[in-house]
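If you read the protein sequences in the order shown, they are chains A and B.
Per my numbering, the very first residue in the first sequence carries number 1; after that it's consecutive.
Per my numbering, the very first residue in the second sequence carries number 1; after that it's consecutive.
Treat the hints loosely; a few may be bogus.
As the list claims (entries may be wrong) - Some but not every residue of chain B turned toward chain A, in silico, with C-beta under 7 Å:
1. L389
2. A419
3. E436
Hints in this document: simulated from the structure, not taken from any laboratory.
Beta carbons are placed, not taken as given, at the ideal position from N, Cα and C, and that holds for glycine.
For reference, the chains in residue letters:
Number of protein chains: 2
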Amino acid sequence: MERCPGSSHEYDCAFLDEAITDGRVAHGTSVREQYASDESPHAGRLPDAVVWPASTDEVAAVLAAANDRGVPVTPRSGGSGLEGNAIPTAGGIVLSTAEIEHVEVSPDDLQATVGAGVVYDDLNERLAPYGLRFAPGISSGDVATVGGMVATNASGFNAVRYGETRDHVRRLEVVTADGRVVECGRDVVKTSAGYSLKDLFVGSEGTLGVVTEVTLGLIGIPEHRRAALVTFPSRVDASGAVADAIGSALVPGAIEFIDTTAVKMLNAYRDDVSFEERPTLIIELHANNGGIEEDLAFAKAICEDHGMRSWEAAAEENLDDIWQARRDKYHATKAYREDWEVALVGDVVVPISAYPEIVDEVARASEDLDLMTSCVGHAGDGNLHFTPLVDPDDEEMLERAHELNERVVRTAISLGGSATGEHGVGIGKRQFMEGEHGPALDLMRSVKETFDPNGILNPGKVLPDS
Amino acid sequence: MERCPGSSHEYDCAFLDEAITDGRVAHGTSVREQYASDESPHAGRLPDAVVWPASTDEVAAVLAAANDRGVPVTPRSGGSGLEGNAIPTAGGIVLSTAEIEHVEVSPDDLQATVGAGVVYDDLNERLAPYGLRFAPGISSGDVATVGGMVATNASGFNAVRYGETRDHVRRLEVVTADGRVVECGRDVVKTSAGYSLKDLFVGSEGTLGVVTEVTLGLIGIPEHRRAALVTFPSRVDASGAVADAIGSALVPGAIEFIDTTAVKMLNAYRDDVSFEERPTLIIELHANNGGIEEDLAFAKAICEDHGMRSWEAAAEENLDDIWQARRDKYHATKAYREDWEVALVGDVVVPISAYPEIVDEVARASEDLDLMTSCVGHAGDGNLHFTPLVDPDDEEMLERAHELNERVVRTAISLGGSATGEHGVGIGKRQFMEGEHGPALDLMRSVKETFDPNGILNPGKVLPDS
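Just need the whole structure built from these sequences, with the hints factored in.
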């Protein structure tokens, strides 16, 4: 470990200028400051250097050199993480994969091989002319990259029908901590050939290796889409309709829950909308044949069973209007009180039958703790996001927000669920891993030690200190 | 390592009678002989003892004791493996999970928690009253167990729509080599909480731990099913139709390829059938709405584009007739020449666009090597099985069959494919792992050493000797 006493740098990262020779290294404070934090509310930390390798070989050169010197490396892609996944908590190097952005489409194989730095929305724009799509449907698709999505096993709106990022990854190219380049998986839809290392890297948040290239399975863009905005008398009615829909033969393209507080914030955010201020679902259906109308009627009947108050179905060309509401939600929350801030973005997941219970728990806990909390969720997956707003100058209030998070996460785990459905563990969820995984945590630690014996890769993430 | 000189036993397994106290241990030769081999043509080997633990705790007791003594343990379930996956190649103990057969269904969560010893068809019988199904659709479902399917990441007819076993596993209970019981994964449809150890155990063939319990995601039994038996002028036409169908918006419930040789064998096997002796596809469609007729017409149009010679569509109640042909295929092959035997069951998988190429390669290689080889395949996955028949007394002929396998596997790998789509590596595919995985094989070896430092778990499988 080389320290650099007398400067503000903890690690001497001059070696990067040898590994990356054409200037894609920054040692200056202003750039380092930009890479000290991510989209999350977690406290940032200055890295000692930032590097943008443009190829797998350059990533390998950086890692081999950093590993020899014991210098921490925090991989980063879009920086849209909500749990501090890309904050360089131990200093050292931030390694951005943003420059690795090649795309090769194999339409006949419903497959694309892409660099880790390719942005989700950009990829889908490239795929659209082929009638294909990378399907998890994440909220921050204008920023999030494929590499980052693999790192956190991200997903979103459409995971209920098409699965999480993991379900689409066929092959990964990964650089190990000591700079070896390995291929994990094959360009096929299934295989039984040995240990699925690719699945070990998916969701490991750059703590086991740095993903440089991904072969993704794609889906055909559905020929028919319908959506409806549905309101209910209570949150329990709305979430009960979700559980019933999933337990039925329906496989929705998306099914989103928006609570009354979130609807109020949306109405306040935009002058041109006026939603009914009730618990709301957005249900979207996909099909490649005319059977979609039958499905829509079936979905409506389920909502009627749960006392639905209004049903606004959209034609194909107006789907975006309905979705705009959900897409604005995060910004509407942040804007709701100018002087207040988002304390955290909760991300629990529970068995679908427990969805009404977890929705209710967030509401009760917010009341008990006197917090203003809005909820949305990829309800069809049992995934719920909750966003308490706090006065940033009120330490005690912020503490109550963290108490809310802790209470809801522990409830989710006790219901058989998980501390995080799609944001990853990062910094914020490490404290819950013991409760969620129990003895399996020791195996995870062994895996970490095997893959990264010097502990240089994204230190301080995923696994709690032992 | 305790040897037992002067007896036919290599390892002294008397300790098992302390770990399992109620008689579910066999040391006698006749039982040991039954567990020396599996359904594969690979040479068997006598274990020193066979044990049937009835609970997770008993599995843990056996493994802890065996690990202390360095006694090999080969886990076994249905014994229907086709690559010698359950042959105790190093002697020691065969640990059967057949007695662990509890089933708990959570219909609202589309989920079931089952013991490793539960047989696939039995499980689906238990699930049918709920309208639910564990969906990979394997051929040997009357014998194969859930534990064995997890071990090899098995799949079959319906994987093209619903995925492999991996895609359905939400949580595993696993006993490690040293007897620790760990839970991997949660009872939810998605999670981003740490390393996906469950995915590491799926497909590891009992070399990293013994799976005792599995929580499976289920699908709703489709309300509508249609199927058609379609014949084509040539194998390239038939496999071209498959590639086109998968590249289209159609998501078939199953799409099976049967070559002319296989059809001839089927005609010879049963007096009551007479199929047209041409390359054939079985296409099955699933839907929960009336759109299925539109899909069927679409599938037919694709087949017409590829010069289809006949199209026999079945009503829902006659689907089994069409499928019987495919189900009989393995037995028909074995029965075709009384004095000949199946040399091996090939199991390659390729990118779907390369399906015509691999189908052609098997035919050409069989001709070059003067072998009678029948082919079937879960074509929609790019998965092809090929079965050369040989005179068991003709060593040279058997060698040619292995040459065929090697040639086809190496071609599949060179096309971006895999040595095994669903049977696993076992003994037979170890030699191809270096070619398929390259440097990733070193990481696999590290994982094996981390999880099983004494090397007691299913030695001689999956990883080639280094």
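Checked against the structure, which of the hints given earlier come out wrong?
Violated hint: only 1; rest satisfied.
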